[in-house]
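Enquirer: Sequence:
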Amino acid sequence: MKKSLFYISITVIICILTFTTNIPDLDLWARLAVGSIFFQTGQVLKHDIYSYVPTKDLWVDHEWGSGVVFYFLINHFGEWGLFALKAFILLAIFILFIKIIKKQTNQDTAGIFYFIFLGFSLLPGIANLLRCQMLTYLFFTLWIYLLEKLRCQGNKKVIWVFPVTMLCWVNTHGGFLAGIGLVTIYAIGEFLNRKKYLKYFGVLALIIPVTLINPYGLKFWNYIIDASLMTRPGILEWAPISLNGPFHIIKGYKIHVYSGFFIFTLLTILVGIKLYLQKASLDWVRIILVVLLLYLSIKRQRHTALFLLAIPPLFYHQYVKLFEPLRKIIENHLSDKFHKTWAVLKYSFGYILLTVIFIFLIPRLSGSVFVDPAVYPVGSLEFIKQNNMGVNVATTFGWGSYAFWKLYPQCKVLIDGRYEEVYPDHIYYSAIQFSENKGDVQEIIKKYKTDVLILSKRKYSPADVLIFTEWKLVYEDLSSVLLLPKDKVQSFYIYPDYKNPIYYKEDLSRIIY
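Take the sequence shown: its letters are residues 1 to 513, numbered as in the numbering used here.
Rather than coming from a laboratory, the hints here were simulated on the basis of the structure. Be aware that a few hints might be false.
Distance condition first, Cα-Cα at most 27 Å in a straight line; then the derived DSS-like pairs of lysine-lysine [stated by the list, open to error]: (1) K385 x K449; (2) K99 x K3; (3) K2 x K156.
Using the sequences and the hints, build the whole thing.
Expert: Spelled out as structure tokens, the structure:
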């Protein structure tokens, strides 16, 4: 019964993490467009067809495989295909967490409260309908489990799994570099530990050639190296982590989005101090893993997920030992008749908490994709579509993928989320200025033949809109305003009602011609 209750609770956590957010990620539309083209042509596009500004000679799409998988699932199972894939990935990750924790001391796994908190901590990386990086999360966690199995048990039978999974990883997300880095950490760490390390270099010898099995060959690595060194200004998830936010707003209270990461970081530092004071033998694998992942997380918010996928499962038993003195103090001050009550409370607390969370979130759980008008310019794009405008559309950076997915081939866009794949640096930096309302925002729209401006109300105030003296505001919705050149404004337009819920749904399996 205890085991059944535990796994039922894990399933509930997965359902909460899967169905709490039904708003598509800003980049999902580009993935679906790539998938649609692939199933029509049987090929991967190597040249951009969606933008009206100069683009790179070769479009290296490091996520093309994800787009194919996403589109296939939607085409055969509808919207539920994406939810099912997300649930499967999360379930696999949590099962791997359980196995990694058990493997450390061959003891029972953590209580359900620990997994609730792990799920909450991972929210910044999974708080969307589905992103390609979730496949990196899955493979990264799987490789930690395999490396621990190889390290603790010397089970060389698992080595074949690395090249097989790398073939999938390298063609679905550029995060495969984290896998190479992970194996390298184990190789160097075991070398410094003066233990058998050659098997890890053997794994590297197997997986690195597999990375060349992609549609672009050696040119793929040229792109990956350049993309890894990009500074990516203007993109929050690539910025250094900050105590100033972002925040969750829960019942009016502000809770830092990365509070779970901060707590696990503190616990890990305390474990390190304790082991140092006890003069415990050094484990260089753990030391390098913690230091490197912590550094990457502080430097780039996006990398906190890798820290949380690796460190909490590996250090669970050390965390527990930190609280042993407190547990003994509590139990020593309890009378005999309260010991049983204390044991029941310890066991049931996580399940009670999960029940409360689930009941609280039930109204927010949804299995239907929702194009939120507060996030997307649904009305402005409908205005273009219904008035049959064959135009070049300048949108903010985040809206580009949705715009070309919805309007291509009728329209082309200034820029979109494929920025590092498709656009030269000077185009990207100019487009970021336009998106963020910084610098000379009219420079790029003057340089290229832009027919329509869709400006974000978050970045452009009514006073800012007046700067565009040669343009006229002809439409606005909840999140955007649409401007046309004054000399091209017509006397009659169809004005869609953006408040109509029909515009909040999209056919995710539409064919991109």
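Enquirer: Decide, hint by hint, whether the structure agrees.
Expert: Cross-check of the supplied hints:
1. The suggested pairing of K385 with K449 holds, with an alpha-carbon distance near 19 Å, which does not exceed 27 Å.
2. In summary, the hint linking K99 to K3 is supported, as the alpha carbons are separated by about 14 Å, within the 27 Å threshold.
3. Taken as a hint, the K2 and K156 pair is broken in the structure, with Cα atoms around 34 Å apart against an allowance of 27 Å.
In summary, the structure is inconsistent with hint 3 from the numbered list given earlier, while agreeing with all the others.
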